[in-house]
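A.B. asks: Position chains B, C and D relative to chain A; hints supplied.
4 protein chains.
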Amino acid sequence: MLIVMHHSASEEQIDQVISAVQSMGLQAEPIPGSLRTAIGVLGNQGYVDDSTIRNLPGVRETIHVSKPYKLVSRDFHPASTEVTVRSAVFGDNRPPVIIAGPCSIESEEQMLEAARTVKAAGGQMLRGGAFKPRTGPHSFQGLGVEGLKYLRLAGDATELPVVTEVMRIEQLDAVCKHADMLQIGARNMQNFDLLKEVGRLDHPVLLKRGMSATLEEFLAAAEYIVAEGNGNVVLCERGIRTFERATRNTLDLSVVPLIRDMSHLPIIVDPSHATGKRSLVPVMAKAALVAGAHGLMIEVHPDPATALCDGAQSLDGDGFSALMGQIGGLQDYLRTH
Amino acid sequence: MLIVMHHSASEEQIDQVISAVQSMGLQAEPIPGSLRTAIGVLGNQGYVDDSTIRNLPGVRETIHVSKPYKLVSRDFHPASTEVTVRSAVFGDNRPPVIIAGPCSIESEEQMLEAARTVKAAGGQMLRGGAFKPRTGPHSFQGLGVEGLKYLRLAGDATELPVVTEVMRIEQLDAVCKHADMLQIGARNMQNFDLLKEVGRLDHPVLLKRGMSATLEEFLAAAEYIVAEGNGNVVLCERGIRTFERATRNTLDLSVVPLIRDMSHLPIIVDPSHATGKRSLVPVMAKAALVAGAHGLMIEVHPDPATALCDGAQSLDGDGFSALMGQIGGLQDYLRTH
Amino acid sequence: MLIVMHHSASEEQIDQVISAVQSMGLQAEPIPGSLRTAIGVLGNQGYVDDSTIRNLPGVRETIHVSKPYKLVSRDFHPASTEVTVRSAVFGDNRPPVIIAGPCSIESEEQMLEAARTVKAAGGQMLRGGAFKPRTGPHSFQGLGVEGLKYLRLAGDATELPVVTEVMRIEQLDAVCKHADMLQIGARNMQNFDLLKEVGRLDHPVLLKRGMSATLEEFLAAAEYIVAEGNGNVVLCERGIRTFERATRNTLDLSVVPLIRDMSHLPIIVDPSHATGKRSLVPVMAKAALVAGAHGLMIEVHPDPATALCDGAQSLDGDGFSALMGQIGGLQDYLRTH
Amino acid sequence: MLIVMHHSASEEQIDQVISAVQSMGLQAEPIPGSLRTAIGVLGNQGYVDDSTIRNLPGVRETIHVSKPYKLVSRDFHPASTEVTVRSAVFGDNRPPVIIAGPCSIESEEQMLEAARTVKAAGGQMLRGGAFKPRTGPHSFQGLGVEGLKYLRLAGDATELPVVTEVMRIEQLDAVCKHADMLQIGARNMQNFDLLKEVGRLDHPVLLKRGMSATLEEFLAAAEYIVAEGNGNVVLCERGIRTFERATRNTLDLSVVPLIRDMSHLPIIVDPSHATGKRSLVPVMAKAALVAGAHGLMIEVHPDPATALCDGAQSLDGDGFSALMGQIGGLQDYLRTH
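Protein chains in written order, with this note's numbering: chain A, 1 to 337; chain B, 338 to 674; chain C, 675 to 1011; chain D, 1012 to 1348.
Chain A extracted, bound-state conformation (with noise of 0.2 Å):
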């Protein structure tokens, strides 16, 4: 860390710093300039919480130069993780894995129709939500537990690993029985109770990225899961809030090549909630591989005009069947540049 001072801070102005400094068990350099002087904290084994000396008499601002976040930090573990959830594995040197289903899980049926669609498309895993958060309290809330079964039931019928969203500590047991993969939803990146308690877990965990988290809570999020104990964390960037609202969120795909420079975690991107227009799925899709993200997750339902969630961003079976058919392709230009 380093602290600024006032132009005009007193030297017993700087003293008092240094002393609040030391109080922490932490050494000040301090490093005068023309202008005015700095202090360098040393010492630290990692982020420092400056709350009691941002506001010291002569400080102007203090400023951080470790992150909060270290286990999941490239600088400290170069070497890229693998996350592996059955047969789909997420990495570096590894094809992209696709995970593809509805929004949510309306039936037995639509679950298997959707599982056999992504199946026989090259889709690697399932996705399908038993818990919805949606704005507003009178929309579909989800079918709850009976819903994990009818994934679980679909992702065997077509032997595709299946991931889905838990919301709350308690639907972790019955999400993980029916579950390969854990997601944590955008709304729950710093619920750090429920981030703790898969933490603690063997199940591999999708995090997706808060719509207004920057990258910094992003990693310190994952660094949530991975201190205690889980390093299997794949990472999910689905759009964040700005002033543009032409598209329902607006994908920040420049992040993709920064997370696999500044973390070991794979990283993913979710183009369908980030663009919420159907049209726009397939080519932000295929930006987001050459930007190189490791997998994709991608809403695709049977029959999109009767979803009872997100339709206008699913793809139907042809749809997502063109689309796989145009990765392919891809891959083939990615293998080889």
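Warning: the hint list may mix true and false statements.
[Claimed, not checked] Lysine to aspartate or glutamate pairs mimicking DMTMM-like chemistry, simulated, CA-CA at most 25 Å apart:
{"#": "1", "chain 1": "C", "residue 1": "741", "chain 2": "B", "residue 2": "445"}
{"#": "2", "chain 1": "A", "residue 1": "196", "chain 2": "B", "residue 2": "398"}
{"#": "3", "chain 1": "D", "residue 1": "1078", "chain 2": "A", "residue 2": "109"}
{"#": "4", "chain 1": "D", "residue 1": "1160", "chain 2": "C", "residue 2": "820"}
{"#": "5", "chain 1": "B", "residue 1": "514", "chain 2": "B", "residue 2": "446"}
{"#": "6", "chain 1": "A", "residue 1": "67", "chain 2": "D", "residue 2": "1072"}
{"#": "7", "chain 1": "A", "residue 1": "177", "chain 2": "B", "residue 2": "507"}
{"#": "8", "chain 1": "D", "residue 1": "1078", "chain 2": "A", "residue 2": "50"}
{"#": "9", "chain 1": "C", "residue 1": "870", "chain 2": "D", "residue 2": "1208"}
Please keep in mind that the hints were generated in silico from the structure rather than gathered at the bench.
C.D. replies: Just chains B, C and D now, with coordinates in the frame of chain A:
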């Protein structure tokens, strides 16, 4: 809802949209314009889910006229709601309720001292966090149930009603036992399960705006609580996330008069979390009252320099007393203007 | 336009709104709903200014159906536009146009070397800034007209068409004399006088999106130019300002397919300014092409370490050559998928 | 500036960075930490351009300690500046200066009536726009120089100093001839040529914050003007662009006390453009004064329903008179607290 067709939409496409609307049990009223046709949707009793219509061929966009909230809207409930928390009353024509106390409960002594400071300066309610959501996993996470007891004890000793944040459904029993008002934090504003559960209780609720929540989403979150039967909801603006990082968040004070116009629920302001800087708190607290806030939530700590959480934005006893004196004079002005 | 009345609006208020619409020479069509009345506005030939209606008593909100652009909209002009800048052609079914060169023109030698680098690697157009907008007043401000001559000379020597930014109307003569295409920078996207002046010229125009401009405002800015008679406009996405500061701006790639759908004008992408980081440029450049961009604008500097401007985001000759090689393979893929 | 090296940076990389700093004529002070090395840069007299250092091998990031402004900073100029525009004085310990008038000048009669309204209610300055920046090309664009004459005439008739926006350098002569204060609009906040030109004049300047400008960029823009010799700059907060669209912009009132702390220049607030809604203007105007604004800019139109521009956010004469009455009482409070 209004469905806007493309300039070049065919008669057949228009008919298909009309059929889709009718199959939802609603009426469709075509409005032919000089450049394009729009289709009004009539007969709905609230927000219409447009996901099956938005992507039909020939549809350019759908525009919502009904909002995803109705019970909390002044349009349907013109009379302002008063929310009573023992001796404290939030409402029009009431003095603003000043809630104060430390970010986190650290010990029995600290809470007692904080409570006496709040009481002596004229505060009406006591706050303190027992369960702390922290961005990084290695920061102080709160005292839990033990902390709730200290809060209750400090409240009883000073005859101040107490409010504290509940982060998980399983904490509800303990929190309800010890607190007079339940706070839903910004990160949980769209934790719909928690909202519904809280909606089934009698305790008054303080609902904080999510850091990237629109006004519409904020009111829809309150609707979740009220729809379950608990109408004792107080809203709280605490800053939103924007590109500007000179303050911790951007305090969106304009929503105070706007919410007073759109909803019958009381609205208070938390200038401590919004600004993140002690020096800005008093002035923004006063600005909030002038903007029409029914109350304030202020972080006060007996000794901010040693606070385990958010010391940089906490007032000490003298600072809070000075602010309360200034607020007194302001109320005289507000009563007469 | 649709005018939505309050639930409790009186008949008299509705009549007053209808009169106000009619006094604008337009028709008003009341649409009585179960909860409230809406009033459709018909007969307008484009965007309606609602400022005299929005605040009439009983009006809850006005909703625009027509957009503030029409000439640039695909809705009214379905055929895609091709923009030709000497040997470079921006358009559907054309290879992407790669524009490259230094942020700022520093000397005749630097421009010649940059031009040769661009040409050798296969770039189709040369860029270079003579007038530099800089955030702080003490940074290098550009060589001015002298720089334009170096740009022209370097373009002629390598047979590359050249594009450069014009910041003021008075610079137009000089810029038109030396450049083949005029660039309007992000900060000037709503400099309407400049847009109109440029609209009266024959030179093709590269219009960059403002850093806080919505898609609608971006297209409305293009409309200013086209409305004056100059239809040779190429749009350029270069990142928007959001809460995320890990990259210089947030590259909003989803607007590429969206603009291709909404407008007939070509759209290119500038990954250098968007990301601000050299290491992210190649991968985002390729992602932009997959997203459907008709071209790219890439900062290339013979020796980025000594660049007077934006060296950190500039590729050197080897980096640019490598990127061009990868783009070649990508075009093969795009042609066949 | 502080240069933070990667955890794994080699000695050689650190030496290379030190050499690069020294070749800029600055000193480099390595600060070895337990996890990584940082390098302090000393000897600079202001903001350091880091573009040649940011991407050197082994560098993780550069952190600026000096800001891109110094002349406008209170750190170096502790005494508050007063700006005098004939009878109106912006400054500490002065009554707030209320600037009022229509968005655009429409006719001699309209301006005279507006001026009389402003004067009668107790306003101290008159505003009116002769050159109007409008999002769409087909809206009313202002009366130009003819309008300036009406403004001058109305100001003289009522003895009110007048302020108007200048959008282009070529308009400066005419505007200086007729106006007492020059306004730089939000869209031109980073029109650096215009800023510099205005900096060479004697006229006081009202500089509005750009809609996506950070505080740092806002102050750097003011620095452009002051650096040229014109220190008579008044800053104006007018709302920023965020995801929240319930108001036209998000009024960022917290910057008022923050700017008062960071700069010696006066700061006023424009609640009309910030909120875009007439009903919110009075309450936010008062909140701005309590937040410490040295003045207000309010849109007032004799007959808002017929205004050619921004009628929906304009107060009529009665509304403005009522507001001025309330402001009078507020000043009594502010003087004594």
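A.B. asks: Next step is simple, just say for each hint if it's right about the structure.
C.D. replies: Status of the hints after comparison with the structure:
no., hint, result
1, 741/C x 445/B, "61 Å, violated"
2, 196/A x 398/B, "42 Å, violated"
3, 1078/D x 109/A, "62 Å, violated"
4, 1160/D x 820/C, "40 Å, violated"
5, 514/B x 446/B, "21 Å, holds"
6, 67/A x 1072/D, "12 Å, holds"
7, 177/A x 507/B, "21 Å, holds"
8, 1078/D x 50/A, "21 Å, holds"
9, 870/C x 1208/D, "23 Å, holds"
Violation of the numbered hints given earlier is confined to hints 1, 2, 3 and 4; the remaining hints are satisfied by the structure.
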